[in-house]
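Peer 1: Chain by chain, the residues:
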Amino acid sequence: MHLWLQIILNGILQGGILGISALAFSLQWGVMNLINLAHGSFQILAAYVAMVLLQRLGLDPFLAMPLVFLIFLAGGYLLQFGIINRVISGNLFMTLLLTYGLDFVLANFMILLFTADYKSVNTPYANSSWHLLGFQFPIVRTLALIFLVILSLLLWLFLEYSRTGRAIRATSMGTEPARLMGLKIPKVYALTFGLSSGLAAIGGIFFGLSNAFSPAAGGPLTVGAFVVTILGGVGTSWGPLVGGLILGVLDAVGSVILGPTYVNIITFGLLLIILILRPTGVLGRAAT
Amino acid sequence: MRKSKKGMAWFFVLAMSLALILSGCGSSTTAGQTAAGNSAAGTIKIGAPDAATGSLANEGKLVHDGYTLWQNLVNQQGGLNVNGKKYKVDIVFKDDQSNPTNSASLTEQLYTQDGIRLFLSPYASPNIFSATTVAERHKVPMIAAGGGAKSIFTRGYKYVFSSYPYSGEYLGSVLDLLKTKGIKSVAFLHADDLFSQEADQGGEAYAKSHGFDVVYSAQYPSNTTDLTSQLTQIAQKKPDALIGTGHFQEAVLLVKESKQMNVNFKAIAFTVGPSMPSFGQTLGKDSEGILGASLWTPDLPYKDDIFGTAKNYAKLYKEAFGVEPDYHSAMASAAAEMMGMAIEKAGSADPQKVRDALANLGTISLFDGTFTVEANGSISGLKLPVIQVQNGQAVTVWPGDFSKNLKDIPLPPWNKR
Amino acid sequence: MKNRHLVFTGLVLLIALLLPLLTNDYIIQVGTEIAMYAALAAGWNLIGGITGYPSFGNVTFFGLGAILAGAFSVNWHWQYGLAGIVAVLIAGAFGFLLGLPILRLKGHYFSIATLALAQATLAVVTNVQFLGGGRGTSLPLIGSPLIFYYIMFGIAALSALVTYLIVHSQYGNTLLAIKSDEQAAQSVGINTVLAKSTAFALSALLGAMVGVVYAIWQSYIDPPTVFEPGITVLMLVMTLIGGAGTVAGPILGAVIIGLLTQLAMAFSQNASSLILGLGIIVVVLFLPQGILGRQRSGKGGKRKGKHSFSLRG
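Chains as they are written, first to last, in full-length UniProt numbering: chain A, 1 to 288; chain B, 1 to 417; chain C, 1 to 313.
Just so you know, the hints here were simulated from the structure itself, not pulled from any lab data.
Each hint should be verified, as a subset may be incorrect.
[Said to hold, decoys possible] Here are the in silico distance ranges between beta carbons for each label pair:
id	chain 1	residue 1	chain 2	residue 2	range
1	C	129	A	1	50 to 56 Å
2	A	55	C	97	36 to 42 Å
3	C	13	B	156	35 to 41 Å
4	B	208	A	133	34 to 40 Å
5	B	43	C	89	51 to 57 Å
[What the hints assert, rightly or not] Derived pair list, reagent style BS3-like, types lysine-lysine, alpha-carbon separation capped at 30 Å:
id	chain 1	residue 1	chain 2	residue 2
6	B	285	B	237
7	A	187	C	106
8	A	184	C	106
9	B	150	B	88
Because the structure is a prediction, the values reported are computed rather than measured.
No residue lacks a Cβ here, since even glycine has one placed at the ideal position from N, Cα and C.
If we strip away everything but chain A, and leave its shape as in the complex, we get (with noise of 0.2 Å):
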């Protein structure tokens, strides 16, 4: 019995992991209909900035955790101003090839910047526990889904009650009636893309503390976002709780009942039986 909560709350822990790293990719897909392939690399490269201010600077992950948020944030909102809203009103296609254009591009400008070789953020607690009524509690995935909590309601509020946010919703909705509203669609993209990315970076955060990555570490890392973002509803902000919680239990228990060679059949077949019975995910809208 022991062994099965230990193993469910693993779960749900990795559930924390996984979700913080789709709530950025969750929110560009809702809100501007742009699937960001190049994702993982994003947060790859926060895992590296992150990596080197606690090198040089000596500044722990989580106290650097606003600057690389804003740093994030700056680089995403210009990213999207200068070169993504070109072709984001085109067709689907374009976005995703560009996104994917950007993917290489940032993927083999990391191996000339930091080599090919693995690194990891490490600090004294990385791959500490908490150890608490008989059961484990690694401190960096507790972390991981208590700020993965606290983002969502954050997103939440912020997108429910702030100007800006209902703005970020309306637009959501349809560019159409976004305009009517008399708003900049490109500055809200624009803006949308900038927090996305800043949410991304913490994502890689987190990442880089439970992991060794490298530069090509990107691609798995948005494949996850996409099966927990689909798991939960796109373009809900709870969605990659939810989601990040339903992939990880499952694929903890499947591993062990099954074998953890299993997983990506687990994984995968679930993300197909979730799209075809209910594409728009857990929390997300009725289908139309």
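Given the coordinates of chain A, work out where chains B and C should sit on it, guided by the hints.
Peer 2: Positioned in the frame of chain A, the structure of chains B and C alone reads:
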């Protein structure tokens, strides 16, 4: 307007193809000349379709540096002695972007375009599989330095050689060492790729036949980011040792998560990971005491004419590239050295003669050890060392007398570190 | 206009057929790769360009063709030709049957379902020893580069022919109608499900055919390599550069990307991937409709203005 646009597009394509074809013809004629007149130029060219980018960029770089070190030393020493005349060597690298299809097409390109007839392999078994097919088709030798999958050598190819032992042999020394430390039960975890599967199966078979109790064995998908639940499960079986066969990031993950889950082992060993300097850097003190199956260490008592002792090899490598070499680089240098020996022995850079010389090398001693080139191109007899991470460095703790360097087995529990 | 087409087609055919006489094995290798991608892109074009469903998982069929043909010939000792034919048929049926539920999805959801399909298929292959498991399958070394060039070229030509026939048929009009307004097509009594699934199955057949030949050409099948999502992306890039929905577009795209890749690799050793990525970005920003795309959308009259294949939603 539209017509002209389309016309222009096709014109552009035609022009480009023509340019490529002409350049192809151009170089193929020069290629023909160099192939025949390799000697006239005073240089012997060797091709290497090795990864500089993509998922294998890290290992690709190690292999690249291993090849390069050999090339630089040979050239410093005046070159290869072919029938009393000295020839410089020139290794031509092309980036296969870690993609096996590219490994094949670049081998083809090096063969046809650059007129190269002798080859060193890319890293990783899938890429070696692809590249060696092209070499076999053209009947030119390729020495593999980056994959010991048995199936590479059971295809009946005549032009494929290797500096690596079979993957299935990697774990033998580790298990011998564990035996002397009274380890009885072992848990195995391995990734699903070719190399990891073969290494694991070889290891598990060896363990069972040597009286170990294999209490857990599972395969996980490559690039997994969470193995906590497997560790939770393993903890229930209380094995003495954990043996992980996978990739670098998975070895790091297993150490991190063993500590997080407070799963303690008397010994932890990996096939890939501990021998690389970044393992200690990435994990800090949590990497202390972890064992690594290795193919080569600077402490081994072997030597040859080009690199001197194993220790001297490490010194030269560090001077050239600024970091300590790990076995990937050393095995790559050994592969290049085998090529050099074969050329000298053949007295020619003719691919058929070099191939025959390689096949007849028999038992040779290089800075990485003494081994025998088998009929199918693989090697046997290499005594594999084991390393242990101590103060962030890889220290040789096996075979033989090196075991006196062994520390902290059984490992202290995570909370006592 | 018609004459021009014929002249161009003839010219391209002539060059392709004579290429081996003029050149060396490297050019033949490059030619084989270009023909391979031209066929794959043309297959993608059927579902992605003409029907307007942006598949992100067409590599599934390429991989399935390679894996199944390899498994049948190695494990059951079938002749490779027979193994290949059965593999292609199974892949086609697989495409048709999976198309039925998946093609109900639109836009991004369809893209992701197909991506998941490719990943799930890879995961299954990795766990089934008969299919090669994680180790892959080794095939005997047969044939010569020239033979594979002509076979790949033949498949590419076949793909172009199939596309041509479809575009100029009633069925092609049905697919175009689905692309421009699926509900309208449905309301005039078109069986859209059948039409879409057939297009997906044709796309699967072509992809699997290429996979079967690729496997024996390379003589080793590494599962992660033959299910690599990047292969789908290349099909997409090539089709878009050449012009989605056109007959010649995918082929033109394959030739351009194929040549550019080789040139990039020749000029720069380490930065070829970087150059490719920048190249894609530049194409998206400055050539969003593809080389042949805009021209056709103006003339057919079946599509609506500039948003001819806008699939947002």
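Peer 1: So if I understand the rule, the pair passes when the alpha-carbon distance is 30 Å or less; does residue 187 of chain A with residue 106 of chain C pass?
Peer 2: Holds - the C-alpha atoms of residue 106 of chain C and residue 187 of chain A are around 28 Å apart, at most 30 Å.
Peer 1: Residue 150 of chain B and residue 88 of chain B were given as a pair; does the straight-line alpha-carbon distance stay at or below 30 Å?
Peer 2: Violated, at roughly 33 Å.
Peer 1: Range first: 36 to 42 Å. Now tell me if the beta carbons of residue 55 of chain A and residue 97 of chain C are that far apart.
Peer 2: Between residue 55 of chain A and residue 97 of chain C, where Cβ atoms are some 53 Å apart, the hint is violated.
Peer 1: Does residue 106 of chain C lie within 30 Å of residue 184 of chain A when you go C-alpha to C-alpha?
Peer 2: Holds - the C-alpha atoms of residue 106 of chain C and residue 184 of chain A are around 28 Å apart, at most 30 Å.
Peer 1: Between residue 43 of chain B and residue 89 of chain C, is the Cβ distance one that fits in 51 to 57 Å?
Peer 2: About 53 Å separates the Cβ atoms of residue 43 of chain B and residue 89 of chain C, which means 51 to 57 Å holds.
Peer 1: Starting from the range 35 to 41 Å, see whether the pair residue 13 of chain C and residue 156 of chain B falls in it by beta-carbon distance.
Peer 2: Since the Cβ atoms of residue 13 of chain C and residue 156 of chain B sit about 38 Å apart, the hinted range of 35 to 41 Å holds.
Peer 1: Given the hint that residue 285 of chain B pairs with residue 237 of chain B, test it: the Cα-Cα distance must not exceed 30 Å.
Peer 2: At roughly 26 Å apart (the allowed maximum being 30 Å), residue 237 of chain B and residue 285 of chain B satisfy the hint.
Peer 1: Okay, residue 208 of chain B versus residue 133 of chain A on CB: inside 34 to 40 Å?
Peer 2: holds, 39 Å
Peer 1: Does 50 to 56 Å hold as the CB distance between residue 129 of chain C and residue 1 of chain A, or does it fail?
Peer 2: Since residue 129 of chain C and residue 1 of chain A have Cβ atoms about 35 Å apart, the given range 50 to 56 Å is violated.
In the structure shown, a violation is registered for the earlier hints numbered 1, 2, 9, in ascending order.
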